[in-house]
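Undergrad: If you want the building blocks of each chain, they are given just below.
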Amino acid sequence: MYNFNFQSASSLDDAAAKLAAAEDGTVIAGGQTLLPVLKQRLANPSDVVDLSGIADLKGIKAGADSVTIGAMVTHAEVAGSSDVPAALRAVAEGIGDPQVRNRGTLGGSVANNDPAADYPAALLGLGATITTNQRDIAADDFFTGLFETALNDGEIIKSVTFPNATKAAYAKFPNPASRYAMVGVFVAQAADGVRVAVTGATECAHRGPKLEAALSGNWSADALDGISIPPEHLNSDIHASAEYRAHLVVVMAKRAVAAAG
Amino acid sequence: MPTVSMTVNGQAVSGEVEDRTLLVEFIRENLNLTGTHVGCDTSQCGACVVHVNGDSMKSCTMLAMQANGAEVTTIEGLAQGGEMHPMQQAFHDNHGLQCGFCTPGMLMSAIDLVAKNPDPDETTIREQLEGNICRCTGYHNIVKAVQQAAKTMGG
Chain P
1292 MYNFNFQSAS SLDDAAAKLA AAEDGTVIAG GQTLLPVLKQ RLANPSDVVD
1342 LSGIADLKGI KAGADSVTIG AMVTHAEVAG SSDVPAALRA VAEGIGDPQV
1392 RNRGTLGGSV ANNDPAADYP AALLGLGATI TTNQRDIAAD DFFTGLFETA
1442 LNDGEIIKSV TFPNATKAAY AKFPNPASRY AMVGVFVAQA ADGVRVAVTG
1492 ATECAHRGPK LEAALSGNWS ADALDGISIP PEHLNSDIHA SAEYRAHLVV
1542 VMAKRAVAAA G
Chain E
183 MPTVSMTVNG QAVSGEVEDR TLLVEFIREN LNLTGTHVGC DTSQCGACVV
233 HVNGDSMKSC TMLAMQANGA EVTTIEGLAQ GGEMHPMQQA FHDNHGLQCG
283 FCTPGMLMSA IDLVAKNPDP DETTIREQLE GNICRCTGYH NIVKAVQQAA
333 KTMGG
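Heads up: the protein sequence lines correspond to chains P and E, in order.
For the first sequence, the working numbering begins at 1292 and goes up steadily by one.
For the second sequence, the working numbering begins at 183 and goes up steadily by one.
Read the hints as simulated data drawn from the structure, not as lab findings.
Worth double-checking, as some hints may not be accurate.
Under the rule of at most 30 Å between Cα atoms (straight-line distance), these lysine-lysine pairs were calculated in the BS3-like manner [claimed, not checked]:
no., chain 1, residue 1, chain 2, residue 2
1, P, K1501, P, K1349
2, P, K1458, P, K1349
3, P, K1330, P, K1449
4, P, K1349, P, K1330
5, P, K1349, E, K298
6, P, K1352, E, K326
7, E, K326, P, K1449
8, P, K1352, P, K1501
9, E, K298, P, K1458
10, P, K1458, P, K1352
11, P, K1501, P, K1458
12, E, K298, E, K326
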C-alpha cells in the first residue's frame, strides 16, 4: 500500500472541505473494498478522509412509507434492524461474511458500485433515493457503469431512502468463494408498479424491463417461463459464461418472486 | 508519523504508526501480540479476526488509525487468571484444531457468533464461520467445539 495522509472528518462539511483541499483525496467508509484496492496498489490517493466520526451518517429512521438508512450504517446493523423491511435485511445479511458485515457500509457499497454488489440491486428494485451532501439522486439515475456512479468529485452519500413495497425479495446465486453475486435479482411490487433489478450480470446493476413487463400482468414465477435473456453484453469470466449468467437471471428472478409470495 | 491510541485487552496502549499501517500490523509489530495471524492479507481467511468495540472484524482490512480510541480484544485477552476462555477450552476438548494457524481468528469469530446467537444450530455455526478458513480440520470438530462452548457460555 502506498502511504497517504489519514484524516478524520467531524462533519459532512468538514469531509468535503478536506477532500477539496487534498491533491487527490478519497473518503473511506468501512474500507472493505477500498483497503484491498489500496493494498494491491490499484489506487494511490494523497489523502484518505475517514467518515466514521460523522454522526449525521449513522442511524436508521423508519418513516410512514419509507425507511432512511445512514451511509455509514453497517450491513450487520441493517440485517439486525426491526425498522428495515425483511427483503432489505436479507440483502444485507447475504453480503460477504460476518466480519465484513460488521465493518462494510451501505454508503460504501453504493458509492463503489461493484458490478456484483448486492445493494445496487436493492436500490434499483425498490426505487430508492440517494441523498448526498449536494442533492437527491434517484437510483435509476445513479448507477452509470463499471464502478461508475452519478456522484461528482467531492460529493459524499449521506443516506439512502427506500420506499416500502407491497411485496419484495432478493435471490442471488453467490460465488462460493467470494459470496459476491454471480447473478442477483431483486423484485418488488409497489403502488407504482413492478420493479426488477439485476446485479452481477453486466457492468453494473440494471432494471430488467422484459421481466417487469411479464410480472406486471401476472405476479408469479410461472409468468417468467419462456423468457430468455440474450447473452450478448453479459459478463463472462472463469466463474460463469455469459450464457450461464443469462440463464441465472431468469432462475433468480423466479426464485425471488416465489420468495416474495 | 501520527500517534494512535486504543485499549487492547484492557490496557491503554499508544504508538507511532504510518497512516497506512494496518490494525494487524500495529497489534503484531508494535504491541508484539503475535497471536493474531495474517493468513491471506486479502480479507478472505479470517486468521486476523479481533474484536473491535465488541464486534469481530478482520484486522488486516482496517487501518490502525481507524481503531483510534477503540476497545480491542485479541486472542491474548481471552484467558483470565490462568483459566482458558470457555471457547478455548471447548476447542481443546473437541480437538478443534490441527496446525493451529487459523485457531486465533476462529476463536474470536466463534465468541462473537455465540454472543449474537446464544443457542446456534449446526447450520448457523457453519454459516457464521464463513469468514474463517481452516485447511486442516474439515471444520467438523470446530463446529462441535462451538456447540459445546455455546452451552458453557450460556450457562
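Undergrad: Compare the structure with each hint and give your call.
TA: Comparing the hints with the structure gives:
Taking the CA atoms of K1501 of chain P and K1349 of chain P, the gap is near 37 Å; set against the 30 Å cutoff, the hint is violated. As the CA atoms of K1458 of chain P and K1349 of chain P are separated by approximately 27 Å, the hinted pair is consistent with the 30 Å bound. With a CA separation close to 27 Å, the supplied pair K1330 of chain P and K1449 of chain P stays within the 30 Å bound. For the suggested pair K1349 of chain P and K1330 of chain P, the alpha carbons sit about 27 Å apart, so the restraint of at most 30 Å is met.
The hinted pair formed by K1349 of chain P and K298 of chain E meets the criterion: a straight-line CA distance of about 21 Å does not exceed 30 Å. A hinted pair counts as satisfied when its Cα atoms are at most 30 Å apart, and K1352 of chain P with K326 of chain E does not qualify at roughly 40 Å. Of the supplied pair hints, the one linking K326 of chain E and K1449 of chain P is violated, its CA atoms being roughly 43 Å apart against a limit of 30 Å. The hinted pair formed by K1352 of chain P and K1501 of chain P fails the criterion: a straight-line CA distance of about 34 Å is larger than 30 Å.
Of the pairs offered as hints, the one joining K298 of chain E and K1458 of chain P holds, with about 29 Å between alpha carbons and a cut-off of 30 Å not exceeded. The suggested pairing of K1458 of chain P with K1352 of chain P holds, with an alpha-carbon distance near 20 Å, which does not exceed 30 Å. Of the pairs offered as hints, the one joining K1501 of chain P and K1458 of chain P holds, with about 19 Å between alpha carbons and a cut-off of 30 Å not exceeded. Between K298 of chain E and K326 of chain E the alpha-carbon distance is near 18 Å, which keeps this suggested pair within the 30 Å criterion.
Hint compliance for this structure: hints 1, 6, 7, 8 are not met, and every other hint is.
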